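So the protein sequences, as listed, match chains A and B.
At position 106 of the first sequence (counting the first as 1) the number is 106 in my numbering, and the numbers step up by one without a gap.
One gets my numbering by counting positions in the second sequence from 1 and adding 252 to each.
No lab work stands behind these hints: they were computed from the structure.
Small disclaimer: the values here were computed from a predicted structure and weren't measured.
Errors might be hidden in some of the hints.
Sample of chain B residues facing chain A (criterion: CB under 10 Å; computed from the structure) [what the hints assert, rightly or not]: (1) Arg-474; (2) Gly-478; (3) Ile-508.
Here are the simulated SDA-like pairs of lysine to any residue, each with C-alpha atoms no more than 25 Å apart in a straight line [as the list claims (entries may be wrong)]: (4) A:Lys-141 with A:Ala-121; (5) B:Lys-485 with A:Met-144; (6) B:Lys-485 with A:Ser-94; (7) A:Lys-142 with B:Lys-485; (8) B:Lys-499 with A:Gly-109; (9) B:Lys-485 with A:Gln-77; (10) B:Lys-258 with A:Gly-124; (11) A:Lys-52 with B:Gly-319; (12) A:Lys-123 with B:Tyr-467; (13) A:Lys-7 with A:Asp-173; (14) A:Lys-168 with A:Glu-88; (15) A:Lys-141 with B:Lys-258; (16) A:Lys-141 with B:Thr-489; (17) A:Lys-123 with B:Glu-257.
Ideal placement from N, C-alpha and C gives every residue a C-beta, glycine not left out.
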Amino acid sequence: MGLLEVKGINKRFGGLQALGDVNLSVAEGSLHAIIGPNGAGKSTLLNVLVGKLIPDSGSVSFDGQSVLGRKPHEINQMGISRVFQTPEIFSDLSVFENVMIPCFAKRDGAFRMHAIESIFAEKGIQAQADAILDDVNMLEKKDMLASSLSRGDKRRLEMAMCLVQDPKLLLLDEPTAGMARADTENTINLLKDIREKRGITMAIIEHDMNVVFSLAERITVLAQGTPLVEDTPDNIKGHPKVREAYLGEAQV
Amino acid sequence: MLGLEKKDFRLLLIVIGLTMLAPFLLNPFPEGSEMAQFNAGYPDLMQRFVIFGIFAIGFNILFGLTGYLSFGHAAFLGAGSYGAVWMFKLLSMNVLPAIAISVVIAGLFSLLIGYISLRRSGIYFSILTLAFAQMSFALAYSVLTPITGGETGLQLALDDPRIFGVSQTATGNIPVPALFGLEMRSSFEWEVGAWLFTFNTGYYLAALFMILAFYMSIRIFRSPFGMMLRAIKSNQTRMSYTGLNAKPYTLAAFVISGMYAGLAGGLMASMDPLAGAERMQWTASGEVVLMTILGGAGTLIGPVLGAGMIKYFENIFSKINETILHGWFAFLPDGLENFVVAMIYPFIGKGWHLTLGIVFMLVVIFLPGGLVQGGQKIAALFKRSKPEDAKPNATEPAE
Numbered sequence: 001m002g003l004l005e006v007k008g009i010n011k012r013f014g015g016l017q018a019l020g021d022v023n024l025s026v027a028e029g030s031l032h033a034i035i036g037p038n039g040a041g042k043s044t045l046l047n048v049l050v051g052k053l054i055p056d057s058g059s060v061s062f063d064g065q066s067v068l069g070r071k072p073h074e075i076n077q078m079g080i081s082r083v084f085q086t087p088e089i090f091s092d093l094s095v096f097e098n099v100m101i102p103c104f105a106k107r108d109g110a111f112r113m114h115a116i117e118s119i120f121a122e123k124g125i126q127a128q129a130d131a132i133l134d135d136v137n138m139l140e141k142k143d144m145l146a147s148s149l150s151r152g153d154k155r156r157l158e159m160a161m162c163l164v165q166d167p168k169l170l171l172l173d174e175p176t177a178g179m180a181r182a183d184t185e186n187t188i189n190l191l192k193d194i195r196e197k198r199g200i201t202m203a204i205i206e207h208d209m210n211v212v213f214s215l216a217e218r219i220t221v222l223a224q225g226t227p228l229v230e231d232t233p234d235n236i237k238g239h240p241k242v243r244e245a246y247l248g249e250a251q252v
Numbered sequence: 253m254l255g256l257e258k259k260d261f262r263l264l265l266i267v268i269g270l271t272m273l274a275p276f277l278l279n280p281f282p283e284g285s286e287m288a289q290f291n292a293g294y295p296d297l298m299q300r301f302v303i304f305g306i307f308a309i310g311f312n313i314l315f316g317l318t319g320y321l322s323f324g325h326a327a328f329l330g331a332g333s334y335g336a337v338w339m340f341k342l343l344s345m346n347v348l349p350a351i352a353i354s355v356v357i358a359g360l361f362s363l364l365i366g367y368i369s370l371r372r373s374g375i376y377f378s379i380l381t382l383a384f385a386q387m388s389f390a391l392a393y394s395v396l397t398p399i400t401g402g403e404t405g406l407q408l409a410l411d412d413p414r415i416f417g418v419s420q421t422a423t424g425n426i427p428v429p430a431l432f433g434l435e436m437r438s439s440f441e442w443e444v445g446a447w448l449f450t451f452n453t454g455y456y457l458a459a460l461f462m463i464l465a466f467y468m469s470i471r472i473f474r475s476p477f478g479m480m481l482r483a484i485k486s487n488q489t490r491m492s493y494t495g496l497n498a499k500p501y502t503l504a505a506f507v508i509s510g511m512y513a514g515l516a517g518g519l520m521a522s523m524d525p526l527a528g529a530e531r532m533q534w535t536a537s538g539e540v541v542l543m544t545i546l547g548g549a550g551t552l553i554g555p556v557l558g559a560g561m562i563k564y565f566e567n568i569f570s571k572i573n574e575t576i577l578h579g580w581f582a583f584l585p586d587g588l589e590n591f592v593v594a595m596i597y598p599f600i601g602k603g604w605h606l607t608l609g610i611v612f613m614l615v616v617i618f619l620p621g622g623l624v625q626g627g628q629k630i631a632a633l634f635k636r637s638k639p640e641d642a643k644p645n646a647t648e649p650a651e
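Bound conformation, chain A alone (with noise of 0.2 Å):
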């Protein structure tokens, strides 16, 4: 049994059928790509993976446990991190307060009442964040303001900010969504460097198919709503069916 189980996920929306029937199971320690043309459904995949959408129908269990009705909060504190298309991070606070938060996430839950301590006591956190900061290569930057760092630093960051909780499974949306040809073969390179020091679960969701077929090891193809087929790689590539659905109009 895979890591991250998806069972029937049916979800509409009004009229449309966004998910139709999607079954899915990544394996622990595998990197699974979902890909699709556009409208295939892979973003609703991805929210209802994280608890933002909730489905008509289906089950999808992670680790064991159900996921769905849980709020993000908790999902994530079951151990599934989030990377968003656009990088999301605390734009008004320093580079090193945007990894220190994670820390805190994880070590102390989704809340705790700790006002009167000082940040500058938590001497283990700090050190965490250091680590961190310095394996993704951005520990000079560590005091700038996170909102006047490059794009390519912003999705390093957020990438670090989910790295330095130890995810199971790190969820990625399009992470090179809208880059230069530079920044998508860096991230390619941090992503891969992620795997090889930490054997990470990762599920990605890519339109690039540069990005895609080196990186993946299982792709799911979506298209409309269904999943076409799952295999490795070399298999998809030469897939009359996935040839007909998505890649007769893209190059490989």
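Go by the hints and put chain B onto chain A.
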């Protein structure tokens, strides 16, 4: 020191120094001189400076850190005042239990209102708090008259059934609030040459509470909790996807700031043992918003400065009347004198709101960081030689 970083500790020392020396600092002009009307060193006003300082410090914990703009904080101040006066009526004239109960009552009251209002954010949250505060005001003004005294307000009477202490003094008067025999209204006056300095017991008690309140607010600003509150202001989406539940954090901030308001209300009642419904009115809630923004929301010292500035305007500027103006410009030829007075007159006396409004607009447009930002800009001018710490933003946290 005291669990504070060096910079914060220095700020605390400055605040302690300023409040302790306030009777001197606020009375720079000799008694009887032309300028004596600008002296603010009399007990009543000094008490108001620090009490509204506490109110604004507390409000800033909610608004400055989380960005949730409450338009109903006066309700907690009013509730605190009523609680304190009831303690005077029923328990004793000692101010400590009165102040304690006002904090507790305001805390419970803000827990209730906060729990409901925080179901929404942004403008809807503001409107909910405003509605609750106006409801409280209306209730206090009419329906709850047996508890609140209605229109006349809640006052002490000669037949209050005080458990500890007497209902009336030997001379047949209502006893006055005191701290173990030290009367709040008692003052020590010190004449130095032409100057007269007044040291008032009530002021010093309130000032001690303000220093304590200020210290607590520094601790909160520099705590993980404070960082979470700023995170809420910055990005709630990331907050929840980081595994943090924003709601209890905002509610805790709301209750803490409500308790600060209650403390201010309790102190107000301790200085002058009466409480009226008008303390809960929306104008009073709006005033603390003005104080915080004027001084600099999200900064440590800003709200105190804002409170001081508004109270100074309210009490000093409003006292200048036409006769005084004529006195000032008597050296001008008659026609010109009348003209100048007519030009200035709308901005003084009862027109002090106009001046305050203009100052407020200028601050919001040119100094969005409030008076604190203004101070930093001036400091930066003097420190041109060291451009590396010309950081434009004091709301800049934690480092």
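Status of each hint after checking the structure:
1. Annotation: Arg-474 (chain B) was flagged as interfacial toward chain A, and the flag holds, the nearest CB pair being 5 Å apart, inside 10 Å.
2. The beta carbon of Gly-478 (chain B) is positioned within 10 Å of a beta carbon in chain A (closest approach about 7 Å), and the interface hint is therefore held.
3. Interface hint status for Ile-508 (chain B): upheld, as the beta-carbon distance to the closest one in chain A is roughly 8 Å, under 10 Å.
4. Taking the CA atoms of Lys-141 (chain A) and Ala-121 (chain A), the gap is near 21 Å; set against the 25 Å cutoff, the hint holds.
5. The suggested pairing of Lys-485 (chain B) with Met-144 (chain A) holds, with an alpha-carbon distance near 18 Å, which does not exceed 25 Å.
6. Proposed proximity of Lys-485 (chain B) and Ser-94 (chain A) is supported: the alpha carbons are some 14 Å apart, at most 25 Å.
7. For the given pair, Lys-142 (chain A) sits about 20 Å from Lys-485 (chain B) by alpha-carbon distance, which is consistent with the 25 Å threshold.
8. At roughly 14 Å between alpha-carbon atoms, Lys-499 (chain B) and Gly-109 (chain A) fall within 25 Å of each other, so this suggested pair holds.
9. Taking the CA atoms of Lys-485 (chain B) and Gln-77 (chain A), the gap is near 21 Å; set against the 25 Å cutoff, the hint holds.
10. Distance check on the hinted pair: Lys-258 (chain B) and Gly-124 (chain A) sit about 21 Å apart at the alpha-carbon level, within 25 Å; holds.
11. This hinted pair checks out: Lys-52 (chain A) and Gly-319 (chain B) have alpha carbons roughly 24 Å apart, not beyond 25 Å.
12. With a CA separation close to 23 Å, the supplied pair Lys-123 (chain A) and Tyr-467 (chain B) stays within the 25 Å bound.
13. Pair hint Lys-7 (chain A) plus Asp-173 (chain A) holds up; C-alpha atoms about 21 Å apart against a cutoff of 25 Å.
14. Only pairs whose Cα atoms come within 25 Å are accepted, and Lys-168 (chain A) paired with Glu-88 (chain A) is accepted, the gap being roughly 20 Å.
15. With a CA separation close to 24 Å, the supplied pair Lys-141 (chain A) and Lys-258 (chain B) stays within the 25 Å bound.
16. Between the alpha carbons of Lys-141 (chain A) and Thr-489 (chain B) the distance comes to roughly 24 Å, so the proposed pair stays at or under 25 Å and holds.
17. Using a Cα cut-off of 25 Å, the hinted pair Lys-123 (chain A) and Glu-257 (chain B) holds, with the two alpha carbons roughly 15 Å apart.
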